[in-house]
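Just so you know, the sequences run in chain order B and F. The first sequence begins at 1 in the UniProt record's numbering and counts up one residue at a time. The second sequence begins at 1 in the UniProt record's numbering and counts up one residue at a time.
In case anyone wonders, no lab produced these hints; they're calculated from the structure. Treat the hints loosely; a few may be bogus.
Straight-line alpha carbon distances no greater than 16 Å define the calculated EDC-like cross-link-like pairs of lysine to aspartate or glutamate that follow [what the hints assert, rightly or not]: (1) F:Lys76 to B:Asp290; (2) B:Lys76 to F:Glu289; (3) B:Lys76 to F:Asp290; (4) F:Lys288 to B:Asp77; (5) B:Lys288 to F:Asp290; (6) F:Lys76 to B:Glu289; (7) B:Lys98 to B:Asp44.
Covered by chain B, according to a simulated footprint, are these stretches of chain F (three or more residues, beta-carbon under 8 Å) [stated by the list, open to error]: (8) 155-166; (9) 272-278; (10) 286-293.
DEER-style ranges, computed between Cβ atoms [what the hints assert, rightly or not]: (11) B:Asp77 to F:Gly200: 50 to 60 Å; (12) F:Lys195 to B:Lys287: 20 to 30 Å; (13) B:Lys287 to F:Val34: 41 to 51 Å; (14) B:Val233 to F:Lys293: 17 to 27 Å; (15) F:Glu51 to B:Met1: 35 to 45 Å; (16) F:Lys195 to B:Gly12: 25 to 35 Å; (17) F:Asp33 to B:Asp77: 55 to 65 Å; (18) B:Lys148 to F:Lys293: 38 to 48 Å; (19) B:Lys195 to F:Glu199: 46 to 56 Å; (20) B:Leu273 to F:Arg238: 51 to 61 Å; (21) B:Asp77 to F:Asn211: 52 to 62 Å.
Quick reminder that beta carbons are idealized off the backbone N, C-alpha and C, glycines included.
Number of protein chains: 2
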Amino acid sequence: MYFVGVDIGGTGVQAGIVDENGKILFRKECKTDVVGGFEKIMDDINILVRELLEENNIDIKEINSIGFGVPSFINKDGLVTCVNLGWSEVQFMGALKKRFEEVKIYAENDATVAALGEAKFGSMKDSNISVMYTLGTGVGGGIIINGKAFTGAHGMGSEIGHAIIGENYFDCNCGNNGCLETFCSATSIIKYAQKLISEGVESSILEKAENNIEDINAKMVFDSYRENDQVAVETITRFKSYLAKAMGSMINTLDPEVISIGGGVSRASDIILDNIEELIREHILYKKEDFAKIVCATLGADAGIIGAAFLN
Amino acid sequence: MYFVGVDIGGTGVQAGIVDENGKILFRKECKTDVVGGFEKIMDDINILVRELLEENNIDIKEINSIGFGVPSFINKDGLVTCVNLGWSEVQFMGALKKRFEEVKIYAENDATVAALGEAKFGSMKDSNISVMYTLGTGVGGGIIINGKAFTGAHGMGSEIGHAIIGENYFDCNCGNNGCLETFCSATSIIKYAQKLISEGVESSILEKAENNIEDINAKMVFDSYRENDQVAVETITRFKSYLAKAMGSMINTLDPEVISIGGGVSRASDIILDNIEELIREHILYKKEDFAKIVCATLGADAGIIGAAFLN
Chain B
1 MYFVGVDIGG TGVQAGIVDE NGKILFRKEC KTDVVGGFEK IMDDINILVR
51 ELLEENNIDI KEINSIGFGV PSFINKDGLV TCVNLGWSEV QFMGALKKRF
101 EEVKIYAEND ATVAALGEAK FGSMKDSNIS VMYTLGTGVG GGIIINGKAF
151 TGAHGMGSEI GHAIIGENYF DCNCGNNGCL ETFCSATSII KYAQKLISEG
201 VESSILEKAE NNIEDINAKM VFDSYRENDQ VAVETITRFK SYLAKAMGSM
251 INTLDPEVIS IGGGVSRASD IILDNIEELI REHILYKKED FAKIVCATLG
301 ADAGIIGAAF LN
Chain F
1 MYFVGVDIGG TGVQAGIVDE NGKILFRKEC KTDVVGGFEK IMDDINILVR
51 ELLEENNIDI KEINSIGFGV PSFINKDGLV TCVNLGWSEV QFMGALKKRF
101 EEVKIYAEND ATVAALGEAK FGSMKDSNIS VMYTLGTGVG GGIIINGKAF
151 TGAHGMGSEI GHAIIGENYF DCNCGNNGCL ETFCSATSII KYAQKLISEG
201 VESSILEKAE NNIEDINAKM VFDSYRENDQ VAVETITRFK SYLAKAMGSM
251 INTLDPEVIS IGGGVSRASD IILDNIEELI REHILYKKED FAKIVCATLG
301 ADAGIIGAAF LN
């Protein structure tokens with residue numbers, strides 16, 4: 001039996017045929033034709049999946065299901081609104097069902113899908129209760145309970161980037177103040193380093209950005225942290241202290257077996273994981289007890305295809 | 001088939017025989033002999049339950065199970081530490097099993113037990129995913145997933161009073177700053193009203209406490225709120241704004257069907273529920289979607305017996 005996972009992103013669509021061990025056997029991709037509009041993207045996905053199957057001599061009847069990850073929330077009526085894709089309340093689930101009538105289809109938010117991939121075959125394997133934080137431009141999340149993606153009663157759970165954990169000096173894109181996303185995304189790291197530099201603190205980060213403060217990225221901040229640069233140390237220390245607050249609060253709430261950190265920021269896993277358990281322990285109510293193992297994601301971008309393939 | 005629930009508190013132990021519809025048929029109580037020590041309390045509970053059964057001509061074989069609620073966390077080895085009861089790492093589960101060998105026994109934290117009672121037969125009835133906040137001296141919580149009490153991988157979940165939601169002007173008893181408990185407990189309401197009064201704001205709350213600021217209680221603050229007293233309005237407005245942040249974050253995380261508010265503070269349910277959904281909506285990521293119904297608990301103190309009876 002094969003499983004198909006499709007990861008729909010703002011620039012490209014990745015499809016993969018996955019075996020029961022979570023191995024991607026074959027893959028194919030196409031561009032996301034945002035200008036062409038919703039129906040065009042849906043048609044392209046249909047062609048992509050069918051070509052992927054044909055080229056590898058696999059009949060759609062040999063497929064258990066096709067799962068889709070989408071960079072948005074899918075509401076209970078199957079509607080999706082996604083600024084990056086130019087979609088406003090499009091009937092996403094309906095459009096998929098029409099094109100893939102002969103097979104079971106499932107779809108979920110991409111961060112939830114990535115968490116499922118990590119829970120099935122990656123950093124959170126063999127755990128029943130696990131949580132993944134995807135730290136990138138924003139902060140996404142996925143909650144796995146009893147081995148399944150958990151998204152709540154109306155499908156809008158697991159948006160843990162918008163749990164409020166403090167007060168911040170700028171508001172979140174969602175309109176609120178204090179969301180985790182404003183403390184622990186790549187964007188928040190860049191913003192805070194820029195803030196300190198603008199306030200006159202000298203930093204090797206600025207050299208890396210060739211003196212153009214707008215060109216600073218999170219990698220430069222982590223690289224300067226390794227050089228003990230003051231701005232970088234302050235920025236990353238703040239980032240980690242809020243990450244520890246968020247994870248401590250999550251442990252006090254859901255007490256998962258494993259918490260995994262994914263997304264672009266997790267490439268600096270050595271810096272993030274260093275001493276993180278001690279920082280988290282400070283925020284845990286039952287300080288003497290064992291708590292969740294903190295790890296970094298291992299499947300990388302493949303988590304999107306693999307997780308989607310195993311939605312059910 | 002009967003179910004027995006036992007609610008162990010700092011001053012008394014309440015036991016009840018409950019039918020399958022959640023009705024308490026018979027009840028009996030005894031004092032919690034904190035001075036007598038752990039084994040004495042366990043002996044008293046044994047006598048209490050057996051007398052309750054005998055007096056009502058019910059054989060222990062007719063009992064499905066006995067459940068216990070305890071004002072503490074029970075760790076994975078069955079150990080309990082509870083300052084109120086004078087217990088330090090006592091072998092709670094072992095002591096119960098020794099005394100009730102002939103019947104299945106279960107035990108959980110009392111706030112979790114109350115949530116289960118409300119989910120089975122009270123304010124959160126017929127919901128699969130629900131969350132209860134117990135707002136009293138502290139803030140406890142219970143999370144129900146698929147109709148069962150959810151306490152995580154190590155049994156220390158659902159302590160949602162210690163989720164960090166902001167920065168506060170005093171630290172929590174747990175040692176951290178910003179715990180929900182420091183914004184939304186009865187204690188936090190009293191403290192904030194005292195703070196404003198100490199700063200010189202006139203208030204009818206002080207009259208209610210016969211000019212003794214130490215004697216202010218939460219009921220006085222709610223009563224003065226009804227009279228539009230400035231200190232009370234500021235205090236309750238602040239309390240509700242943080243409650244809305246916590247519940248909005250919970251909806252973004254777990255997206256329950258129902259959130260119920262219990263504990264002593266919930267006696268002012270008209271004030272708490274008034275406009276609360278609009279306040280919460282501000283903190284929800286998907287603002288157009290339906291979200292959890294916000295209600296107040298309906299079983300009162302009986303939730304402790306009823307919920308314990310249905311632990312499994």
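If you test the structure against every hint from before, which numbers come out violated? 5, 9, 13, 14, 15, 16, 18, 19 and 20
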